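Start from the sequences, fold in the hints, and give me the full structure.
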Amino acid sequence: MDDKRNLFTAIGLSLLVLVGWQYFVTPRFVTPKPAQMETQQEANPVSTPSPSTQAVPQAPSPGTTAATPTSVAQEVTREDALKSSPRLAIHNAHLSGSIALKGARFDDLTLTSYRETTDPNSPNIVLFSPSHTPGGFYADFGFAPVPGSSAAGEAPNADTLWQASGNELTPTTPVTLTWTNPQGFEFKREIAVDDDYMFSVTDTVTNHASKPLSVYPYAAVVQQGTPHVAGYMVLFEGLLGWIGDAGLQEWTYAKLDKEGTAKYSGTGGFLGITTDKYWAAAIIPDQTKPFEAHFIATQTGPKAYQADLLEGELAVAPGASVSSSRKLFAGAKVVSLVDKYERDFGIKQFNRIIDWGYFYFITQPLFKVIDYFYRLLGNFGLAILLVTVLLKALFLPLANKSYASMAKMKAVQPQLKELQERYKDDKAKLQQEMMALYKRERINPVAGCWPMLIQIPVFFALYKVIFTTIEMRQAPFYGWIHDLSAPDPTSVFNLFGLIPFTPPHFLALGAWPLIMGVTMFVQMKMNPEPPDPAQKMMFTWMPLIFTFMLSSFPAGLVIYWSWNNTLSVLQQGFIMKRHGVKIELWDNLRKLFLGKSSPSTA
Numbered sequence: 020m021d022d023k024r025n026l027f028t029a030i031g032l033s034l035l036v037l038v039g040w041q042y043f044v045t046p047r048f049v050t051p052k053p054a055q056m057e058t059q060q061e062a063n064p065v066s067t068p069s070p071s072t073q074a075v076p077q078a079p080s081p082g083t084t085a086a087t088p089t090s091v092a093q094e095v096t097r098e099d100a101l102k103s104s105p106r107l108a109i110h111n112a113h114l115s116g117s118i119a120l121k122g123a124r125f126d127d128l129t130l131t132s133y134r135e136t137t138d139p140n141s142p143n144i145v146l147f148s149p150s151h152t153p154g155g156f157y158a159d160f161g162f163a164p165v166p167g168s169s170a171a172g173e174a175p176n177a178d179t180l181w182q183a184s185g186n187e188l189t190p191t192t193p194v195t196l197t198w199t200n201p202q203g204f205e206f207k208r209e210i211a212v213d214d215d216y217m218f219s220v221t222d223t224v225t226n227h228a229s230k231p232l233s234v235y236p237y238a239a240v241v242q243q244g245t246p247h248v249a250g251y252m253v254l255f256e257g258l259l260g261w262i263g264d265a266g267l268q269e270w271t272y273a274k275l276d277k278e279g280t281a282k283y284s285g286t287g288g289f290l291g292i293t294t295d296k297y298w299a300a301a302i303i304p305d306q307t308k309p310f311e312a313h314f315i316a317t318q319t320g321p322k323a324y325q326a327d328l329l330e331g332e333l334a335v336a337p338g339a340s341v342s343s344s345r346k347l348f349a350g351a352k353v354v355s356l357v358d359k360y361e362r363d364f365g366i367k368q369f370n371r372i373i374d375w376g377y378f379y380f381i382t383q384p385l386f387k388v389i390d391y392f393y394r395l396l397g398n399f400g401l402a403i404l405l406v407t408v409l410l411k412a413l414f415l416p417l418a419n420k421s422y423a424s425m426a427k428m429k430a431v432q433p434q435l436k437e438l439q440e441r442y443k444d445d446k447a448k449l450q451q452e453m454m455a456l457y458k459r460e461r462i463n464p465v466a467g468c469w470p471m472l473i474q475i476p477v478f479f480a481l482y483k484v485i486f487t488t489i490e491m492r493q494a495p496f497y498g499w500i501h502d503l504s505a506p507d508p509t510s511v512f513n514l515f516g517l518i519p520f521t522p523p524h525f526l527a528l529g530a531w532p533l534i535m536g537v538t539m540f541v542q543m544k545m546n547p548e549p550p551d552p553a554q555k556m557m558f559t560w561m562p563l564i565f566t567f568m569l570s571s572f573p574a575g576l577v578i579y580w581s582w583n584n585t586l587s588v589l590q591q592g593f594i595m596k597r598h599g600v601k602i603e604l605w606d607n608l609r610k611l612f613l614g615k616s617s618p619s620t621a
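Per the working numbering, the very first residue in the sequence shown carries number 20; after that it's consecutive.
Derived from the structure by calculation, the hints contain no laboratory data.
Check the hints yourself; a few may be wrong.
DMTMM-like mimics (lysine to aspartate or glutamate), calculated; alpha carbons at most 25 Å apart, straight line [as the list claims (entries may be wrong)]: (1) LYS102 <-> GLU187; (2) LYS427 <-> GLU437; (3) LYS121 <-> ASP213; (4) LYS411 <-> GLU603; (5) LYS102 <-> ASP178; (6) LYS207 <-> ASP305; (7) LYS274 <-> ASP264; (8) LYS359 <-> GLU440; (9) LYS207 <-> GLU332; (10) LYS308 <-> ASP276; (11) LYS436 <-> GLU603; (12) LYS387 <-> ASP214; (13) LYS387 <-> ASP363; (14) LYS427 <-> GLU440; (15) LYS367 <-> GLU205; (16) LYS230 <-> GLU173; (17) LYS387 <-> ASP502; (18) LYS427 <-> GLU603; (19) LYS308 <-> GLU209; (20) LYS596 <-> GLU460; (21) LYS121 <-> GLU209; (22) LYS446 <-> GLU460.
None of the values given here were measured: they were computed from a predicted structure.
Here's what the structure looks like:
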């Protein structure tokens, strides 16, 4: 009776794991356009004003700029919004777009090196879009005046029309924007861009008036509307930053909706918004100056999110000038480029803008090794296969010890069967005698689990590498695998494309997941069957469970697991032969399909 209860419990738990994994953990791999947003309940989108129009606490403790709208504007198309202001064109090797001279806002940016799908004719990725458009996403720089001071109407704001020194911003032609208010305060903004995704912004205030001016330099990244997110636990999407000693701070859209505002202070780091696992916009302050950082979600009206920083007060005496410099990263999170920026500009922990996960200390080195072999072999899939061989070699001593223990377990199977017959009515005595036998023969009965357990951190680290690094995005393998970061596109339920039928998500069982399941099944059947019926059933069902669990995972991860299983079978077979232990594979298959053992075993 106990065995039957254990058996049904094991089956129930297996099904629960399978369904729960599919529902809560398995990624859907929907990669939305950065500008794609949920439909707002309000008829009009959010209008995010310049911080110069917003209240901040009294000095010397200036507070936040906010994403709270002061007015509601009619939603317009992206094309019409781009025509509503004179613009400064932006061009480099990977970017095209423009800066609105009205407000000097970075609100038009397209990533020319990336497309939405593997189709070479699909649209390029759009990162920044103007305010009042679907998916408004932009960066602002400016000055927040001291509340209540006469300077409140003297700093530039979202309606200020700047004058540009040129018509186009390129890596070889930086541009200076200028604006002088009626009181005689001159604001100058020097903007430069490199060949990739980094902008440099230097603001200078010159006082030509007869009275002093005090302002606080600020910078903000604003996301209007709530982006469509995958919404599963293994990937972060939202607002993040590394703020001095406060370290890494990550706020999902849902979490910030509940809290409203988060405030930090520190020296060095960055903060911004990652709209997708591959793209981000981040403000990088002067790494030597303290600043306040804020993550804000509107609590009333149209939804908007803002990551901003506010630096210390700049006091500009008559006849004097003061300057403040910041940088803006807006583009693809290329690992080598992010590392280069961190190194060249001394940006504290800038590589954490990439979602390396909890095993980042494994994930980062693992990516670098895979990337190294990719540069040698020219294919990320081959690099993964080669790294798998190296990992097997690294864990070889532990695996050999484990498989040797399993071989000893096989050798004592006749004695175990004798004990089972002798104490079949006394479970406690049976367990006691089995433990004594294991101790006498120096056998660890759970040693066979070690080869799988030691793979778990590597498995999750590799999952992060394949799923989140942009280098793996749309990276082809061979045959029908055109994107290692996406699931196997085939399905056994439509005969791999022969039947004009698109299976639902939970039936998306492709060729590589089936290969993985077969290799795992063979590996399981290499070992002696456990005496406990519940354990036996669990090991029998485990390959099927993992086949469905991994069916929606990146194809690169499934290929790794299949190859790893194959190497494990070869390694285990070699070790068992060396110890003179019979391999159980064929006998176990006969028992499973024919219900009997081979004559020699019988």
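- Message: Of all the hints numbered above, which does this structure not satisfy? Sort the numbers upward.
- Response: 8, 10 and 15
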